[in-house]
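**Student:** As you go down the protein sequences, you meet chains A and B in turn.
Start counting the first sequence at 0; every next residue gets the next number (numbering that gives the first Met the number 0).
Start counting the second sequence at 0; every next residue gets the next number (numbering that gives the first Met the number 0).
If you are wondering where the hints come from, they were derived from the structure by calculation, not from laboratory data.
Some clues are possibly wrong.
[To be verified] Straight-line Cα separation of at most 27 Å, DSS-like style, residue types lysine-lysine; simulated pairs:
(1) B/K119 - B/K163
(2) A/K607 - B/K320
(3) A/K587 - B/K127
(4) A/K265 - A/K465
(5) A/K221 - A/K237
(6) A/K53 - A/K104
Given the structure is predicted, the values throughout are model-derived calculations rather than measurements.
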Amino acid sequence: MSKRIGTDGSLLTSLPWTLAALAFSVLPHLPFLPMWATATFVLCCAWRWQIERKRWRLPPAWSRIVLAFVCFVSVYLSYDGAVSGVGPGSALLAVMAALKLLETKKRRDQFVLLFISIFLIMSSLLREQFLWSFPYLIAGVILTMTAWLHMSESRRTSIGGSLTSALRIAGYAAPLMIAMWIFFPRIATPFWAVPIDTSAATSGLSDRMSPGDISSLSQSDKVAFRVSFDDEIPPPHKRYWRGYILHTFNGRTWTGSEPSIDRTAKSEVSYDGSPVSYQVTMEPTQQHSVFALDIPEDWDLRQTNMGPQHQLARIHPIDQRITYRVTSYPDSRLNVNLGSFWQERYTSLPKDSNQETFALAIQMREAAGSDEVFINQVLQKFNTEEFFYTLEPPVLGADPVDRFLFDSRRGFCEHYASAFAVLMRAAGIPSRVVLGYQGGEINPMGRYMIVRQADAHAWNEVWLPKRGWYRIDPTAAVAPERIEEGRSSAMFDGIGASWGLNAPSEFLYQLTLTWDVINTKWNEWVLAYGPDNQSQFMEWLGMENPDWRKMMLTLIAILIALIGIISLLLVIRYRPPPKDDAARLYAKFTNATGVSPSTGETPSAYCKRVRETLSSNAPNEITELYLQARYGPEGNDEIPRLRTAITEFAREARV
Amino acid sequence: MSYLQTTTDFFSTVALRRALQKRALGWARKRQGSDQLITRLISRRIYILPTAVGFVFGIMVFTMLLGSMNYNNNLSFLLTFMLAGIGFVAMHQCQRNLVGLEIAFAGVDPTFAGQVAVYKIAISNHSKNRRGHLQIYVGSISSHIDDLLPGESRVFHLEVPTTKRGRIQLTRFGIRTLFPFELFRAWAWLHMDLTGLVYPKPAAEVPLPPATQTAHGHRQHDARGEEDFAGLRRFHEGDSPRHVAWKAYARTGDMLSKLFSGADTSSQWFDFDQVSVADVEQRLAILTRWIVDADRAQVDYGLRLTGEEYGPAHGESHRHKCLEALALHENTAPYIIHK
Numbered sequence: 000m001s002k003r004i005g006t007d008g009s010l011l012t013s014l015p016w017t018l019a020a021l022a023f024s025v026l027p028h029l030p031f032l033p034m035w036a037t038a039t040f041v042l043c044c045a046w047r048w049q050i051e052r053k054r055w056r057l058p059p060a061w062s063r064i065v066l067a068f069v070c071f072v073s074v075y076l077s078y079d080g081a082v083s084g085v086g087p088g089s090a091l092l093a094v095m096a097a098l099k100l101l102e103t104k105k106r107r108d109q110f111v112l113l114f115i116s117i118f119l120i121m122s123s124l125l126r127e128q129f130l131w132s133f134p135y136l137i138a139g140v141i142l143t144m145t146a147w148l149h150m151s152e153s154r155r156t157s158i159g160g161s162l163t164s165a166l167r168i169a170g171y172a173a174p175l176m177i178a179m180w181i182f183f184p185r186i187a188t189p190f191w192a193v194p195i196d197t198s199a200a201t202s203g204l205s206d207r208m209s210p211g212d213i214s215s216l217s218q219s220d221k222v223a224f225r226v227s228f229d230d231e232i233p234p235p236h237k238r239y240w241r242g243y244i245l246h247t248f249n250g251r252t253w254t255g256s257e258p259s260i261d262r263t264a265k266s267e268v269s270y271d272g273s274p275v276s277y278q279v280t281m282e283p284t285q286q287h288s289v290f291a292l293d294i295p296e297d298w299d300l301r302q303t304n305m306g307p308q309h310q311l312a313r314i315h316p317i318d319q320r321i322t323y324r325v326t327s328y329p330d331s332r333l334n335v336n337l338g339s340f341w342q343e344r345y346t347s348l349p350k351d352s353n354q355e356t357f358a359l360a361i362q363m364r365e366a367a368g369s370d371e372v373f374i375n376q377v378l379q380k381f382n383t384e385e386f387f388y389t390l391e392p393p394v395l396g397a398d399p400v401d402r403f404l405f406d407s408r409r410g411f412c413e414h415y416a417s418a419f420a421v422l423m424r425a426a427g428i429p430s431r432v433v434l435g436y437q438g439g440e441i442n443p444m445g446r447y448m449i450v451r452q453a454d455a456h457a458w459n460e461v462w463l464p465k466r467g468w469y470r471i472d473p474t475a476a477v478a479p480e481r482i483e484e485g486r487s488s489a490m491f492d493g494i495g496a497s498w499g500l501n502a503p504s505e506f507l508y509q510l511t512l513t514w515d516v517i518n519t520k521w522n523e524w525v526l527a528y529g530p531d532n533q534s535q536f537m538e539w540l541g542m543e544n545p546d547w548r549k550m551m552l553t554l555i556a557i558l559i560a561l562i563g564i565i566s567l568l569l570v571i572r573y574r575p576p577p578k579d580d581a582a583r584l585y586a587k588f589t590n591a592t593g594v595s596p597s598t599g600e601t602p603s604a605y606c607k608r609v610r611e612t613l614s615s616n617a618p619n620e621i622t623e624l625y626l627q628a629r630y631g632p633e634g635n636d637e638i639p640r641l642r643t644a645i646t647e648f649a650r651e652a653r654v
Numbered sequence: 000m001s002y003l004q005t006t007t008d009f010f011s012t013v014a015l016r017r018a019l020q021k022r023a024l025g026w027a028r029k030r031q032g033s034d035q036l037i038t039r040l041i042s043r044r045i046y047i048l049p050t051a052v053g054f055v056f057g058i059m060v061f062t063m064l065l066g067s068m069n070y071n072n073n074l075s076f077l078l079t080f081m082l083a084g085i086g087f088v089a090m091h092q093c094q095r096n097l098v099g100l101e102i103a104f105a106g107v108d109p110t111f112a113g114q115v116a117v118y119k120i121a122i123s124n125h126s127k128n129r130r131g132h133l134q135i136y137v138g139s140i141s142s143h144i145d146d147l148l149p150g151e152s153r154v155f156h157l158e159v160p161t162t163k164r165g166r167i168q169l170t171r172f173g174i175r176t177l178f179p180f181e182l183f184r185a186w187a188w189l190h191m192d193l194t195g196l197v198y199p200k201p202a203a204e205v206p207l208p209p210a211t212q213t214a215h216g217h218r219q220h221d222a223r224g225e226e227d228f229a230g231l232r233r234f235h236e237g238d239s240p241r242h243v244a245w246k247a248y249a250r251t252g253d254m255l256s257k258l259f260s261g262a263d264t265s266s267q268w269f270d271f272d273q274v275s276v277a278d279v280e281q282r283l284a285i286l287t288r289w290i291v292d293a294d295r296a297q298v299d300y301g302l303r304l305t306g307e308e309y310g311p312a313h314g315e316s317h318r319h320k321c322l323e324a325l326a327l328h329e330n331t332a333p334y335i336i337h338k
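Isolated chain A (complex conformation) (with noise of 0.2 Å):
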């Protein structure tokens, strides 16, 4: 008859900390986890913990490995078979330390719960980086380190002590965690490319436009980028920032190019007028189009090139927060002379499709005369007719350009844009679709501008010689307030409930305001500082030509100081408390004698030994006085006394 043993209770001080840890790390990860994921996390917790209180036995290892091989083939399902990636990843760790639990038996095994409660908060790192998340790794740290050196001391300790030493190590490790952080050289390539399924990655821009396809625009209040301008802020009308060129049209849809290098782009471009220097900060996009205004003359952002149609676009894509500094020249020219090979591109449609608005161009431009008038007369219709803005517009059927000119006359950018561009094309003007976004909001205590998902918006540029190619935005003709206002003070027709017309209070639009700014202050000083931002503080610093050899034999250097600094400290701290006068001048005594005291021997038993060799009466004497002073009533003249008896003693001896 064999007794079921159960666990031991050894971990009942130790294991509440590990997993007061573990829930910590999968805190963030909560609303990314499957239900199912975060259900057998949660209940493993609690089953461990019941198991320990009550002296359970341990499930046995064939139903833990039932119990791995369901969780790992759920975690596969979950992500249609994804294991790589933050997603996946951060699932298979929550599931891993839950089955971890479930095979703990000794103290040590807690360690790999810790390493995996560190890897999770690292996870959460790289799939989103608030403000918060800053104090929550430093508090996720200290807290596995706490629970770390709980089940690692003896149980005299109590948490809070160990809480004390977590601090104290965590505090002596700061200086040397901000001086790798500084020095500890950033590079631009990633080894390697990990799709990182940030669900708070925003949706960018799409390369793609087919207005009649869509039904509904929602607005987003997720960043975009965040501008500061040197000088002044331009003028709503200039502030269009230029992402895809759409240069081909198929009856439905515009499309562009995949971005590329030319060489020759800037070559292109008249720079003219005065220019505009400001920095940007971009929110990740998982896109390559790098935004700027017209027309970027100059920018400090690695791997990062002018395409065929002068817009900025990025080697690899912008899968961090990054911040870059651009000059441009809003007044330039572009392509004063263009190709006839472009001329006939840029003016090409099907055949087949949207005859009726095909038509329609051809009728106008020979009643007007000439290119600039026919231009004006296209914006003059849209403007005096019954076009009307909206978010909202209705699907538009086969030929969606002739339904919306001559039927709906209802949609946002994307239709007028891509309507104009057809107008003109097939009045022989070269014409284009641009995606970008135009206007922002302006923090008044930043003095930068936020620019949000949407503020995303389409409009055209149109080649006439001489001139080049230049902007028209035909949704000014139809609401002028969407480009001349700020978003948020602007209401049109039929999109005020997806707005929510409830204007919030003057204050709580100050407080965002305000957590704006210091949200903005902190991206760019620390989440953005890369490559870029290094070598810059770097020379702020007074390095010259900082490169890596350079940063790490200063961090080298740093970190030998201060971890020098740092057992200075240590030494200081354990050093033993200074001897008292009488102790010291005994151990004069002890060694004047040539008899060395032995363990555990009292000062008279000693000096019995010492008179054996010694026939003076000065050890007695000089004993006599030592316990005296030792543990005497304090406040006498024993310790005077005893040094002239010793030194006169040791004095005799050397003789």
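Mind docking chain B on chain A? Use the hints.
**Tutor:** Frame of chain A; chain B shown alone:
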């Protein structure tokens, strides 16, 4: 073939490790010299290496660094560097955790062969800081793990198993710590000559002690006086069946022996030459048993061993003198614990 290869490799690794350890120990011994019985640890004699957990931690931090570099993620850089910083600090604190400790030999109680000799090592913390996770060890033998509060002293027990009688000598022991995170192990070797005494193992099966003479030369019926009943004590092997309190046994189930106090204050003599066994070790074992039993019975006894006479007397120190004489009989070279 490949299997053979692996096993050879394995053994040579073990051998290599042993050889290295031996070299390191020898080097440390030469470098440090022998220690006083009270020794304060200074920093230059403390050694430190990462533990297995420390290696895993290092690999984890390195992996995290690669990940941070790949994603250029500044907060995960921060996390990585915080852990790296904690690793650095842990290393220094681990070493400091030993520096300044006062290690004193606090004696070893004599024991019987086959039992453990308990070496008592007192460690004192004179600083104002707690010292965590301390342990005394020699080879694979280690004490319990404990910490020391500021100003505290504690005795750590090193339980060395013994096999044979005589002196045993511990020439070296270590003190180690894994504080704070078990990432590093710091240790110091102390070279003190700590000699302990191992009594012979008492024999299990013993003949009755020979009938011996009283101090006056009269023969006695038995080892103990039979004149006056003096009380009962628990039965020991070797007690005469005639003295067992059978009535009490029938009543309670406890085997008890009757004790008598002889009016002639007789005492018993145990003589090495009169033990009727040929083997010397066996003889010593029997004598040990007799002495232990006699001591328990609190009667006077004496020991004759190769011309020396001890007693007759009783008490702790007499017992020790007799057993020490037996332990060291033709066996003065100490047994050195090489671990």
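**Student:** Next, verify each hint and record whether it holds.
**Tutor:** Right, here's what the structure says about each hint:
1. Distance hint between B/K119 and B/K163 is fulfilled; the C-alpha atoms sit about 20 Å from each other, no more than 27 Å.
2. As the CA atoms of A/K607 and B/K320 are separated by approximately 25 Å, the hinted pair is consistent with the 27 Å bound.
3. Taken as a hint, the A/K587 and B/K127 pair is honoured in the structure, with Cα atoms around 26 Å apart against an allowance of 27 Å.
4. Note on A/K265 and A/K465: the hinted pairing holds, with a Cα-Cα distance of about 18 Å set against a maximum of 27 Å.
5. Between A/K221 and A/K237 the CA atoms are separated by roughly 22 Å; this keeps the pair inside 27 Å, and the hint holds.
6. Of the supplied pair hints, the one linking A/K53 and A/K104 holds, its CA atoms being roughly 14 Å apart against a limit of 27 Å.
Violated hints for the displayed structure: none, as all numbered hints are satisfied.
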